[in-house]
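The chain contents come next:
Protein chains: 2
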Amino acid sequence: MTKHEIVNQLLPIFRRYGYEGTTLSRISEATGLGKASLYHHFPKGKEEMAKAVLEHLKEWRQIHVINHLLGEGSPLERLLAMTESMRLVYDQGKQSCLLTILSMGDSKESFSAQIQPAFESLIETITVVLVDAGFSKQDANERAEDAILQIQGSLVLSRALDNNSSFQRVMSRLPYSLLNINNQTSQTKEQ
Amino acid sequence: MTKHEIVNQLLPIFRRYGYEGTTLSRISEATGLGKASLYHHFPKGKEEMAKAVLEHLKEWRQIHVINHLLGEGSPLERLLAMTESMRLVYDQGKQSCLLTILSMGDSKESFSAQIQPAFESLIETITVVLVDAGFSKQDANERAEDAILQIQGSLVLSRALDNNSSFQRVMSRLPYSLLNINNQTSQTKEQ
DNA sequence: GTCTATACGTGGATAGAC
DNA sequence: GTCTATCCACGTATAGAC
Chain B
18 MTKHEIVNQL
28 LPIFRRYGYE
38 GTTLSRISEA
48 TGLGKASLYH
58 HFPKGKEEMA
68 KAVLEHLKEW
78 RQIHVINHLL
88 GEGSPLERLL
98 AMTESMRLVY
108 DQGKQSCLLT
118 ILSMGDSKES
128 FSAQIQPAFE
138 SLIETITVVL
148 VDAGFSKQDA
158 NERAEDAILQ
168 IQGSLVLSRA
178 LDNNSSFQRV
188 MSRLPYSLLN
198 INNQTSQTKE
208 Q
Chain D
18 MTKHEIVNQL
28 LPIFRRYGYE
38 GTTLSRISEA
48 TGLGKASLYH
58 HFPKGKEEMA
68 KAVLEHLKEW
78 RQIHVINHLL
88 GEGSPLERLL
98 AMTESMRLVY
108 DQGKQSCLLT
118 ILSMGDSKES
128 FSAQIQPAFE
138 SLIETITVVL
148 VDAGFSKQDA
158 NERAEDAILQ
168 IQGSLVLSRA
178 LDNNSSFQRV
188 MSRLPYSLLN
198 INNQTSQTKE
208 Q
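So the sequence lines, in the order shown, correspond to chains B and D.
So for the first sequence, my numbering puts the first residue at 18; every next one is plus one.
So for the second sequence, my numbering puts the first residue at 18; every next one is plus one.
Treat the hints with caution; some may be incorrect.
Since the list gives no way to pick out one identical chain from another, each pair is judged satisfied if it fits inside one copy or across any two copies.
[Claimed, not checked] Straight-line C-alpha distance at most 20 Å; calculated EDC-like pairs for lysine to aspartate or glutamate:
1. Lys-125 x Glu-65
2. Lys-125 x Asp-108
3. Lys-125 x Glu-37
4. Lys-52 x Glu-65
5. Lys-125 x Asp-179
6. Lys-63 x Glu-37
7. Lys-125 x Glu-64
8. Lys-63 x Asp-123
9. Lys-111 x Glu-126
10. Lys-68 x Glu-22
11. Lys-111 x Asp-179
12. Lys-111 x Asp-123
13. Lys-111 x Glu-101
Since the hints were derived computationally from the structure, they do not count as laboratory data.
Using the sequences provided together with the hints, build the complete structure.
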């Protein structure tokens with residue numbers, strides 16, 4: 018089994034159980050590999066596994082979010098591509114964000130070096146799009162922060178209420194509200 | 018030592034370390050009580066302790082948030098009282114929300130019976146205020162959800178970036194943006 | 001590269017004295 | 001109501017055979 022495949026199996030476990038809740042036994046069971054085999058691939062143990070997953074997600078973000086945001090098309094089209102990717106990776110709001118999971122609790126310090134730049138690069142890239150759309154640098158940056166904040170908040174609420182409607186609503190309106198456009202599904206919210 | 022005092026000491030521990038990261042040893046050290054003494058107060062152990070903290074927070078919310086929202090004054094004044102309380106309990110965004118902490122990871126199921134109504138009652142109460150302010154029931158409800166979602170999102174982001182500016186910004190503008198009012202510190206965001 | 005077996009610490013929890 | 005002492009399960013991690 019290749020390391021890449023293992024990392025792919027690790028993601029849902031860490032997302033579901035959190036860092037401390039993810040035990041080697043669970044990982045062993047999910048992957049079918051013995052604990053010793055896991056240490057063969059990740060000599061530094063669980064922490065290294067989580068870091069590998071974060072690195073894997075970084076590549077995913079680069080390909081499926083950052084590149085789309087910096088790609089061809091109007092600002093609206095680029096933002097729509099972003100929300101589409103977000104819907105996918107968070108399974109319509111039913112899955113938590115690993116960045117958030119790992120930034121809470123005891124594990125925080127171990128991963129902040131990966132978590133912080135992850136959010137920062139997302140915000141910065143959205144800022145670029147909004148500057149393209151005509152907003153001032155400062156205004157664009159605050160709006161970009163708002164975007165991330167609303168996504169994360171909707172994920173929190175969807176999880177807490179066991180109901181993903183808030184995530185769906187935020188995803189639907191976000192590209193339009195960021196650009197101050199009224200669209201059909203959210204006429205009353207961006208005024 | 019009274020149970021009330023113990024619960025007060027438990028809150029910061031669960032908030033900081035999460036449920037799995039909060040060990041009896043840590044609690045014992047923080048409270049100065051031996052493990053056996055803790056079991057005298059909470060026979061069902063750690064889970065009962067966390068539930069007691071959630072119950073304690075419920076009372077706090079009732080007194081410091083719900084009552085203010087349903088109290089005297091204009092809608093704006095009531096919302097300002099709410100954000101003031103939020104600033105306090107989250108220490109200007111430097112502290113996490115226990116509801117969010119406990120709704121993540123392995124512990125989720127044990128506490129959803131307390132977490133879900135907590136968010137629901139907050140949303141419902143804000144909805145009442147916004148209906149008072151003239152919004153339709155449906156519109157008010159979505160805005161109330163947005164309020165909670167933005168608060169939670171700003172806490173997530175403040176924690177992840179180790180920088181509470183997003184929390185401060187959301188708290189400053191929220192009472193105004195909910196009511197579609199332009200205020201001095203956030204002219205450009207409620208368009 | 002994967003396994004079995006095992007070591008070691010620590011977590012949650014309890015018994016029983018005071 | 002708090003303590004000391006202790007139990008058991010399970011967590012991370014390693015040794016060594018295949």
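Going through the hints against the structure:
Proximity of Lys-125 and Glu-65 under a CA criterion of 20 Å is satisfied intra-copy only: 14 Å inside one chain copy versus 25 Å between copies. Only between protomers do Lys-125 and Asp-108 lie at most 20 Å apart by alpha-carbon distance; the minimum there is 19 Å, versus 24 Å within a single protomer. Proximity of Lys-125 to Glu-37 under the C-alpha cut-off of 20 Å is found in both arrangements, the shortest distances being 11 Å within a copy and 13 Å between copies. Within a single copy, Lys-52 and Glu-65 get their C-alpha atoms as close as 14 Å, which meets the 20 Å cut-off; across copies the closest is 33 Å, which misses it.
Only between protomers do Lys-125 and Asp-179 lie at most 20 Å apart by alpha-carbon distance; the minimum there is 10 Å, versus 25 Å within a single protomer. Proximity of Lys-63 and Glu-37 under a CA criterion of 20 Å is satisfied in both settings, with 10 Å inside one chain copy and 16 Å between copies. In this assembly of identical chains, the alpha carbons of Lys-125 and Glu-64 lie at most 20 Å apart only when taken from the same copy (11 Å versus 22 Å across copies). For the identical chains of this complex, Lys-63 and Asp-123 are neighbours both inside a copy (14 Å) and across copies (17 Å), given an alpha-carbon limit of 20 Å.
Taking the shortest Cα distances, Lys-111 and Glu-126 sit within 20 Å of each other only across copies (15 Å), while inside one copy they are farther apart (26 Å). Taking the shortest Cα distances, Lys-68 and Glu-22 sit within 20 Å of each other inside one copy (15 Å), while across copies they are farther apart (39 Å). Taking the shortest Cα distances, Lys-111 and Asp-179 sit within 20 Å of each other inside one copy (8 Å), while across copies they are farther apart (26 Å). In the homo-oligomer, the alpha carbons of Lys-111 and Asp-123 lie at most 20 Å apart only across protomers (15 Å), although the nearest pairing inside one protomer, at 24 Å, exceeds that limit.
Taking the closest pair of Cα atoms, Lys-111 and Glu-101 come within 20 Å of each other only inside a single copy of the chain (15 Å); across copies the shortest separation is 32 Å, beyond that limit.
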